[in-house]
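Given chain G, work out where chains E, A, B, P and C should sit, using these hints.
Protein chains: 6
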Amino acid sequence: MSAPATPSPAPAISRFPVPALPDLPDDLRERILAVQEKAGFVPNVFLALAHRPDELRAFLAYHDALLLKEGGLTKGEREMVIVATSGVNRCLYCVVAHGAILRVYEKKPLLADQLATNHRKADISPRQRAMLDFAMKVCRHADEIEESDYEALRAHGFTDEDAWDIGAITAFFGLSNRMANLMALRPNDEFYLMGRVPRQK
Amino acid sequence: MSAPATPSPAPAISRFPVPALPDLPDDLRERILAVQEKAGFVPNVFLALAHRPDELRAFLAYHDALLLKEGGLTKGEREMVIVATSGVNRCLYCVVAHGAILRVYEKKPLLADQLATNHRKADISPRQRAMLDFAMKVCRHADEIEESDYEALRAHGFTDEDAWDIGAITAFFGLSNRMANLMALRPNDEFYLMGRVPRQK
Amino acid sequence: MSAPATPSPAPAISRFPVPALPDLPDDLRERILAVQEKAGFVPNVFLALAHRPDELRAFLAYHDALLLKEGGLTKGEREMVIVATSGVNRCLYCVVAHGAILRVYEKKPLLADQLATNHRKADISPRQRAMLDFAMKVCRHADEIEESDYEALRAHGFTDEDAWDIGAITAFFGLSNRMANLMALRPNDEFYLMGRVPRQK
Amino acid sequence: MSAPATPSPAPAISRFPVPALPDLPDDLRERILAVQEKAGFVPNVFLALAHRPDELRAFLAYHDALLLKEGGLTKGEREMVIVATSGVNRCLYCVVAHGAILRVYEKKPLLADQLATNHRKADISPRQRAMLDFAMKVCRHADEIEESDYEALRAHGFTDEDAWDIGAITAFFGLSNRMANLMALRPNDEFYLMGRVPRQK
Amino acid sequence: MSAPATPSPAPAISRFPVPALPDLPDDLRERILAVQEKAGFVPNVFLALAHRPDELRAFLAYHDALLLKEGGLTKGEREMVIVATSGVNRCLYCVVAHGAILRVYEKKPLLADQLATNHRKADISPRQRAMLDFAMKVCRHADEIEESDYEALRAHGFTDEDAWDIGAITAFFGLSNRMANLMALRPNDEFYLMGRVPRQK
Amino acid sequence: MSAPATPSPAPAISRFPVPALPDLPDDLRERILAVQEKAGFVPNVFLALAHRPDELRAFLAYHDALLLKEGGLTKGEREMVIVATSGVNRCLYCVVAHGAILRVYEKKPLLADQLATNHRKADISPRQRAMLDFAMKVCRHADEIEESDYEALRAHGFTDEDAWDIGAITAFFGLSNRMANLMALRPNDEFYLMGRVPRQK
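Protein chains in written order, with my numbering: chain G, 9 to 209; chain E, 9 to 209; chain A, 9 to 209; chain B, 9 to 209; chain P, 9 to 209; chain C, 9 to 209.
Keep in mind that the hints were calculated from the coordinates and are not lab data.
Owing to the predicted nature of the structure, the values given are computational and were not obtained by experimental measurement.
Do not rely on the hints blindly, as some may be mistaken.
[Unchecked claim] Cross-link-like lysine-lysine pairs, in silico, DSS-like; alpha carbons within 25 angstroms at most:
1. Lys145(C) / Lys145(P)
2. Lys83(G) / Lys116(G)
3. Lys129(G) / Lys145(A)
4. Lys116(A) / Lys116(P)
5. Lys145(E) / Lys145(P)
6. Lys116(C) / Lys116(B)
7. Lys145(A) / Lys145(E)
8. Lys116(B) / Lys129(E)
In isolation and in its complexed conformation, chain G is listed as follows (with noise of 0.2 angstroms):
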């Protein structure tokens, strides 16, 4: 008989110490009441990284610099880079969180689980196919990365702009994966299930 798993009833969102958001410096606590007032909660990300404000400063700033500017990608085509480059890197927070992003931006709730496990069997166009190529060579092999590569994008429409925005979201989540595998950083529970029930809106 085996011996059934008992996850203590409230597990730890990071092996190392986490803030209390009372304590946090006044930009970061508003910060993320903005976030919990807009989601309904507070991603686990933001308080274990809050163990560091200045870090916690320096990763919202590059996250907002990739994330909210304009340019050629989509926002959801943003996140599909996230969540497969986080499936490659094997990180739980980054797959399951992005992934309700992904659900809730793209409105198609098989995509996020499709993408973790498998970028060549999503539901995509082949457009998003080359960046995700593009993404995944980043990710694992940039020193590799070659002329042939940006040429194999500009075949789809994209930009070197594009290419920039693809290769630097991917690296950025490549810190971003390490640094919760670091942590053992746990998902809200609320991120499992968000976007795969559609809304009746």
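Using the frame of chain G, we list chains E, A, B, P and C on its own:
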């Protein structure tokens, strides 16, 4: 602007011909109808493999021999082995279909996503972790299996028969994962949500 | 001075219990006796897997479904797939046992050693080389199989049904290789020499 | 006879557009001028990343948060982590630029080449070796980080905060290495010789 | 139906020009004739490498320095290292030719196939297993060799000089394997059967 | 605070015994003295390998046969192959020693660091890039060398004899790299700076 993915209304479930249910040999049709009655739908693997009735019969016989037998592993633990194996083998069908079965068996809506992404971060017992470490070695480096791997299992109370079960399930789903990737087998949409929403409690 | 290896007089054929022939269920005993009559000895895989009669039955059914069926691959070519796959998976039993069968079928005493070591250096036709390239991809990177892999086969006259045969044989022996390594299955001494000495008949 | 390489007189420092210093936002131009004053030249990474001012700001903020903070690692040790990481990631810019900084900090002209090639053969203390073993695991297998990796650090007197520092520097330069390879970022010629010739002694 | 392989009656032994024996420098011709007298045929490696007489002389000098010297490894054990190394490097010539020599030396017809496929499953002593584990590490990860690898050898009675022998034989046959694969060096047919049939007993 | 590395005043140049120059056989001592006269110091590889005089003689003969012969590769190009190979094999001695020789031959102070880190980012001609791509394949996947690899060389004007040179230098330094890592061979301090400072011109 990116071209949106426009999957055809009814995407193919396999890149090979898929027989119609009425055209199947009686024994297979009956088995499939029984599954349909229980699950509410026909899992695509049945129809896709039915392109080769003899192979499907052998596949089901092997499946049943490993998953319906008595033994030291619970039904849920066997599915844990399958989901972790399928994640490493990057097999979309098995991750999604057996992830659903695992959620239903274990009544833990988060477990399948955890195991498919990184079994080291899953809410499982140390014993189950040892089980999956053994499975991952059979999956990726079966040629390096040594007596010390069996000893690591025994330290958690597993017998040699349990080790066979773990290894055989891993090996069988290695076959299954390769076939599914070969066929580009598409998971039924129904699987993605199964077991995610806790019933009425 | 080095200590010589002194293997016990009758080395174990499996690290798991091996049933005696008389103790087996009738159907399995009869099948095994038929093999023995034909081959002159009982291949160890039968006895080792007979520790689990239901699994052995399924194994044999799968084996027969793939290797006894009609199709575009000759019996010898199917064994080529098996030997090359088993070489890559580093499975001693299957390299030695199926190497013997391959030599007998093809009447080429050198072919098995060539394929087990490096299929690129074997005395095979370009068509057979394409067959084995496809098999090696299924064996090692089934998640990356694409339509272009099927096209490469078609360029050599293979149909989609042939592709299924190649892929399914590779997948099934991936299972077989993992089980043999798990059991530390020992090849019968008889296999090593079979088909190496051309018979004067 | 071989065709000699004839690099253009002024090889591009990035495959993306590089802004002129006067065109930069004030804050970035001032920061860069301060670096130039101190170093005697502008490291190419500043100009190349300045193509995206918001990203450069975030990059510098993250960099400063990790490298200017107090902590258990000396400045030289942080550069050791960077050089070893960049060697494994095969990033020319970071190997050359941070190799120079490491030589200057540690006043050991040989250390950077040793670490970039094989950290196991470098003139470092056992404690520093443990630090780099942890960094290499975060760099290549962050998904496999376990408590035992933290224990190995503790055996050398490292705290959990030190572990965060090591892991975060590794993760951040994994981002930096990917961006530099993406941009084909060219190291300034000045870096190659810095710190190699011991001053006046 | 598959196209049968129809190798030319006398397949090339190398993809490079192969000199005729009479055209060779005297010293090499004499050495080769001596080998021919002893073995009954000229191993193809002699003729293929004789395309570059100076390289062949150096090759033979290195070979003799490692394999004819006194030392803690028996002649058979040195061939075990060669066969296991050549298996991992997937070098057909060396697996077949040195497999033959190993069978002759050790009078164990099964040993070469075991070692070429998976040294963990071979009929060897624990001491020989340790020898091959060290060799496999030099073969695949020489950059990671540490004092602990030497300690593992010492636990089985190997001296540092023995370790040098094991490592140097592995390194030299790494060179040999690469050259044979580069030349597409074909093993003499005679090797395949040598030492497989026990003489008169 | 971290414990500083305190290397012993004269670190060992090899983990094996190193003979004194006067104790060497005459031929080796004379060769070494000649090198010393030319270079100003005795490269450590001579002394370390002299622990086994016969092996050192064979090593030098092989080295000379490949590096002193006429051929389509310049001396500088041969060193490029060596440095790139040694970088991939993570061999500190050869990266540092042959990096120095390369700088001296090519009078390009930056080239060695570029090639040791990532040959794709080096200031070399397309022809030299093709040469190194071939070398890298021999270094890492010699078993996969095919005629198409030779064709890629021919497209840049390389003959088959050039291909042999490239492959043989790569293979020989694969041996050299493994021996250096086995011995923990320490590069002479002199090499690190050689060829970095352009002479007064």
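Here is what the structure says about each hint:
In summary, the hint linking lysine 145(C) to lysine 145(P) is supported, as the alpha carbons are separated by about 20 angstroms, within the 25 angstroms threshold. At most 25 angstroms may separate the alpha-carbon atoms for a hinted pair to count; lysine 83(G) and lysine 116(G) meet this at roughly 14 angstroms. Distance restraint check for lysine 129(G) and lysine 145(A): the Cα-Cα separation of roughly 17 angstroms lies within the 25 angstroms cut-off, and the hinted pair is therefore satisfied. For the proposed pair lysine 116(A) and lysine 116(P), the alpha carbon gap of about 23 angstroms is at most 25 angstroms, so the pair holds.
Note on lysine 145(E) and lysine 145(P): the hinted pairing holds, with a Cα-Cα distance of about 19 angstroms set against a maximum of 25 angstroms. A distance of roughly 23 angstroms separates the Cα atoms of lysine 116(C) and lysine 116(B); the hinted pair therefore holds under the 25 angstroms criterion. Of the supplied pair hints, the one linking lysine 145(A) and lysine 145(E) holds, its CA atoms being roughly 20 angstroms apart against a limit of 25 angstroms. Annotation: proposed proximity of lysine 116(B) to lysine 129(E) is violated, straight-line Cα distance about 41 angstroms (limit 25 angstroms).
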